[in-house]
Amino acid sequence: MPLNRKTLVPVLLLLIATGALHAAGKKTLKAAVNVQSEIEKSAAQSQKKIDSLADKTERMLAEYKLVMTQYESLKGYNDQVARIVESQEEELAGIDAQLAEIDATNQGVIPLMARMVETLEKFVELDVPFLPDERHKRIAELRALLDRADVTISEKYRRILEAYQVEMEYGRTIEAYTDEIETEGARRSVDFLRIGRTAFLYQTLDQKETAVWNARTGAWELLGDEFRKPVMQGLRIARKQAPPDLIKLPIPAPEAAR
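If you're matching positions, the sequence shown starts at 0 in numbering that gives the first Met the number 0 and goes up one per residue.
Just so you know, the hints here were simulated from the structure itself, not pulled from any lab data.
Just so you know, even glycine gets a beta-carbon here, dropped at the ideal spot from N, CA and C.
Some hints could be false.
Using 27 Å as the maximum straight-line C-alpha spacing, the simulated DSSO-like pairs for lysine-lysine come out as follows [said to hold, decoys possible]:
| # | residue 1 | residue 2 |
| --- | --- | --- |
| 1 | 239 | 228 |
| 2 | 121 | 136 |
| 3 | 40 | 64 |
| 4 | 239 | 207 |
| 5 | 40 | 55 |
| 6 | 64 | 47 |
| 7 | 228 | 247 |
| 8 | 155 | 136 |
| 9 | 228 | 207 |
| 10 | 155 | 207 |
Have a look at the derived ranges for each label pair, beta carbon to beta carbon [to be verified]:
| # | residue 1 | residue 2 | range |
| --- | --- | --- | --- |
| 11 | 97 | 242 | 29 to 37 Å |
| 12 | 59 | 92 | 46 to 54 Å |
| 13 | 183 | 144 | 16 to 24 Å |
| 14 | 78 | 160 | 45 to 53 Å |
Kindly generate the complete structure, drawing on both the sequences and the hints.
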């Protein structure tokens with residue numbers, strides 16, 4: 000059937016219009032897709048910024064909490080330090096008061112110690128004359144100690160009491176030692192025997208002479224041969240060369256007992 004020209008033209012125009020519309024729709028769709036993509040991209044960037052801001056906010060909040068914790072801790076520490084300083088100031092005030100008391104006490108203690116040394120020296124001079132060099136040296140050292148500024152009062156007092164203790168111990172011990180003695184203008188070595196402060200004797204190294212110190216007369220008295228062996232035995236006991244035993248020794252009686 001032959002096509003009618005009038006019919007062909009509208010159909011052709013319709014096809015052209017349809018094609019144009021299709022092309023326009025395709026272009027519009029592409030544009031819409033691009034817009035949607037941009038929106039999604041922008042939304043993703045916005046979300047990323049939001050997430051970043053959220054993270055930053057959380058970090059800032061955590062830092063704030065940490066700073067506040069440190070602040071509270073530091074505040075507590077400062078308060079504690081302030082209390083310690085206050086306590087130390089009170090303690091220092093107490094120490095100052097104690098030092099003032101010590102200064103006042105020292106004014107009485109120092110003369111007391113000097114008198115104690117002087118008394119000890121007089122006691123040694125009047126006592127049985129055993130270990131004279133050692134005992135006088137100890138007293139000389141105490142006198143020198145009292146004049147030293149680098150030694151504390153307590154140490155000086157301790158040393159004086161120690162010297163008194165040594166002298167007290169002499170009265171409870173026995174001792175034998177060899178030393179020189181001067182008799183009749185001559186010096187010779189003898190063995191000394193000390194039994195507390197009760198008896199003080201000597202015997203020559205050849206055992207030919209034995210004597211006892213008479214505290215009443217302040218002189219040596221020669222003994223008879225009957226005391227030679229007892230004194231020899233006493234020397235051996237004092238040197239721990241023989242076991243303790245009873246020995247007969249002369250004990251000068253005080254004048255009031257005669």
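Hints, verified against the model:
1. 239 / 228: It holds: about 16 Å lies between the C-alpha atoms, which stays within 27 Å.
2. 121 / 136: holds (14 Å)
3. 40 / 64: Roughly 36 Å separates the two Cα atoms, so the pair is violated.
4. 239 / 207: Holds, at about 23 Å.
5. 40 / 55: holds (22 Å)
6. 64 / 47: holds (25 Å)
7. 228 / 247: holds (9 Å)
8. 155 / 136: holds (16 Å)
9. 228 / 207: holds (11 Å)
10. 155 / 207: violated (46 Å)
11. 97 / 242: 29 to 37 Å: violated (55 Å)
12. 59 / 92: 46 to 54 Å: holds (48 Å)
13. 183 / 144: 16 to 24 Å: Once the Cβ atoms are compared, 39 Å apart, the range 16 to 24 Å for residue 144 and residue 183 is violated.
14. 78 / 160: 45 to 53 Å: holds (48 Å)
Checked against the numbered hints given earlier, the structure breaks hints 3, 10, 11, 13 and satisfies all the rest.
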